[in-house]
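Participant: Each chain, letter by letter, is given below.
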Amino acid sequence: MSTLLEVSLESVTYEGCSLPALSDVEFSVEQGEFVVVAGPVGAGKSTLCHCLAGAIPSYYAAAIEGKIRVAGRDLGGATPAELAGTIGYLAQESQTQIVEGSVAEDVAFGPCNLGLPGEEVRRRVDSCLEWVGLTGFDRRDPRTLSGGEAQRSVLAGVIALHPRLLILDEPLAELDSSGRRLVMQGLRELSRRGTSVLLATTRPDQVRLFADRIVSLAPAWEQPNANRSGGGSVGQATAGAGTQTEFAGLAPRPAAAVPGESGVRFDRCTHIYPGGRTGCTDVDLLVEAGGTVGLLGANGSGKTTLGKHVNGLLRATAGKVLVDGMDPGGRARGLVRARTGFVFQNPDYQLFGDSVEEELAFGLRVRGMAREQVEHRVDEALSRFGLEAWRGTHPHRLSRGQRQLLAVAGVLAARPSVLAADEPTSGLDAETALRVFRELSRVAARGGAVLLMTHDAELASTVVDRFAVMEEGLLHPIGLPSRQQVAG
Amino acid sequence: MSAQADSRQRRVDPRLGATWLLLVAVCALTVESGFLVAGGLVLLAALSSVLGLNLRLVGNGLLATAMVGLQIFVMRAVFGEDGVLAAGPGTALEVGVLAPILSGSAETAGRLGAFLMAAMQFHQFTRPSDLTQLLTRFGIPHRWAALPAIALRFLPLMQTELTAVWQSQASRGLPTERTRDKLKALLPVGLPFVYRSMRRANELALAMELRGFGVLSRPTFLSQLRMQPAERAASSGLLAATLAVLLF
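As they're listed, the protein sequences go chains A and B.
Counting in this note's numbering, the first sequence runs from 102 upward without gaps.
Counting in this note's numbering, the second sequence runs from 4 upward without gaps.
Careful, some of the hints might be misleading.
Which chain A residues face chain B? A few, computed with CB under 10 angstroms, are given here [to be verified]: (1) T180; (2) V208; (3) L414.
Each pair of labels, with its calculated beta carbon distance range [claimed, not checked]: (4) A/E489 / B/R202: 54 to 64 angstroms; (5) A/R294 / B/V53: 22 to 32 angstroms; (6) B/L228 / A/G431: 24 to 34 angstroms; (7) B/T182 / A/R416: 40 to 50 angstroms; (8) B/V53 / A/R498: 21 to 31 angstroms; (9) A/D368 / B/A154: 38 to 48 angstroms.
It is worth saying that the hints were derived from the structure and are not from the lab.
The beta-carbon is built from N, C-alpha and C at its ideal position, and this holds for glycine as well.
Generate the whole structure from the sequences, applying the supplied hints.
Facilitator: Next comes the structure, spelled out in structure tokens:
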């Protein structure tokens, strides 16, 4: 095997930042090798991917000290367009990478730009959509795709370029377990055929069976000399990090659920979107006060739709939803929202403060809390979520995972008595995800009701009372599955 | 929103849509009778409904047109036809003076509304990639020809993003019920929206470049534009009608 990628970076420092986002990173990737770059939230994985794809410095202003060579060519100054066909890059957020108006056209965008004839483009589109499990989605409007479907669609578009090196930043973050398995098996097959794969993730436990090697990336401010991987030994030494055995049973079990008017009750709840698409059908579900229900299900199964009924963001087309005995979409909406928290899948929809501290304080101030109480809660949230070091940082300077953490912290700081959380741990490493689940479980421990929409059944099983599964808008209660069932 | 981006209407050749848009534009500019303008507007609304255009979207378009008409009316009422201040504090305007201003403003708004509705039909029934291909056939460089299609795709996405930001802030307890609350919410809703828009624009540009956008001046397309005989006939008919309107 020949070396395809050589990375030797002394530091990468974003404009306006005094500390480097990356320092002392050295590793190489052989042709056809499958390398996982693992690291906790804020370790600089996305920064590394941006550097490799030419996005830094073309799109993100940062100073690079060091060298990157791809196929013997120095990347210094190369634009992303010059690398198209050699490097394929799937960035972290999929919906922002969709260019065209239908799934097939979007997958075809890259091959068409490279001037391939129509028949070859069609062949690649069909095979790539089959590869990601989206056969039959050709004519779908990308705006109607769920997060996981969009991620797979964009991945198909990247693979359709037939790149020599595939760089994937958290490609599994929004995928359900079957989607994860499908994508990982496909990537493994690609690497066997000679494509080098570099996959950045916070969850090496989900991918280690498929990878040749794991390179660990530690946050630059923690271990300035920890990122040198001599021939892969460092990565391999950490390949088992983050497995289930490390965190089983850490989270405290919530208090016993209390039946009654409190909590959330879905009574034959049906939601049909304008245009006729069904979100959920005849859902009966009770989340008692003091209880936590985990809502599982494949991408697009209706979990988010159901969750949005909790604070009146959606109203049931038929049936009803009651939160602490009140209709969240009715006249009591203000009252319901005052006691309800909703963690959105995308943290960027709520971050606007000038600093992390300001961001946390905003949600408390709008609820009319006194200044001293706000300060106390902010300090507490910063400490609980390990965000003290970023107190004065602008939220949009944080990594995606850190922004996710901040958004969760902002919602929980208000101490809601009812909480709906939509994929609150996507893109977080196992340790941080567990910390988030532990904090979520405090809501139930205080007597609140928690509805947790997640793909992370394994971690969630440490805090939920029972699971329910959404499938094509229908709900199937399954109780608390065994660890083997969760893993499956 | 329809899940299928490629419905039957969307497979209509964009040249047919363009000739239809041209005919409506010429009619809107040249028809002299206000009744004809009103009739055309009703016809276009009915056609939109028959073709399955989102009626809420049509309603919003008509509302925007009515707002423009109102502004024209106020400006004309205040400044008169010759731009000289005709009304103000203490000045009484008679009904006889206001009536022609009102009908004139409504007519102008109607013309604008007709064009807007035809533009909405064109947008709804034209695939972004077909529009790009059409523009490249007119000799516009691909790099520029792709921009209108991207912008057209971007606008509804922005609307979705704004709704999501609004929902997110409302769910954090930000009051949004009263008009006063909505005004106060401009900053906490506006700022994340602007951040998101900038981030989205940046990431989209990066994604496009990484997938080879701009590498070739003449890229290929997944499906080639081919006019069906019926579309060719319809298009010719529309062009003939446009010429007739212009000449007679």
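Participant: Hint by hint, note whether the structure agrees.
Facilitator: Hint by hint, here is what the structure shows:
Because the smallest distance between the Cβ of A/T180 and any Cβ of chain B comes to about 7 angstroms, under 10 angstroms, the interface hint for this residue holds. Because the smallest distance between the Cβ of A/V208 and any Cβ of chain B comes to about 9 angstroms, under 10 angstroms, the interface hint for this residue holds. Taking 10 angstroms as the C-beta cut-off, the interface hint given for A/L414 holds, the closest approach to chain B being about 5 angstroms. Checked against the given bound of 54 to 64 angstroms, the beta carbons of A/E489 and B/R202, roughly 26 angstroms apart, lie outside it.
For the hinted restraint 22 to 32 angstroms between A/R294 and B/V53, the CB-CB distance of approximately 51 angstroms leaves it violated. The hinted range of 24 to 34 angstroms is not satisfied by B/L228 and A/G431, whose Cβ atoms lie roughly 51 angstroms apart. Judged by the Cβ atoms, the range 40 to 50 angstroms given for B/T182 and A/R416 is violated: they are separated by roughly 22 angstroms. Taken as a hint, the range 21 to 31 angstroms is violated for the pair B/V53 and A/R498, whose Cβ atoms sit roughly 52 angstroms apart.
For A/D368 and B/A154, the Cβ-Cβ distance of about 44 angstroms falls inside the hinted range of 38 to 48 angstroms, so the restraint holds.
The structure shown violates the earlier hints numbered 4, 5, 6, 7, 8.
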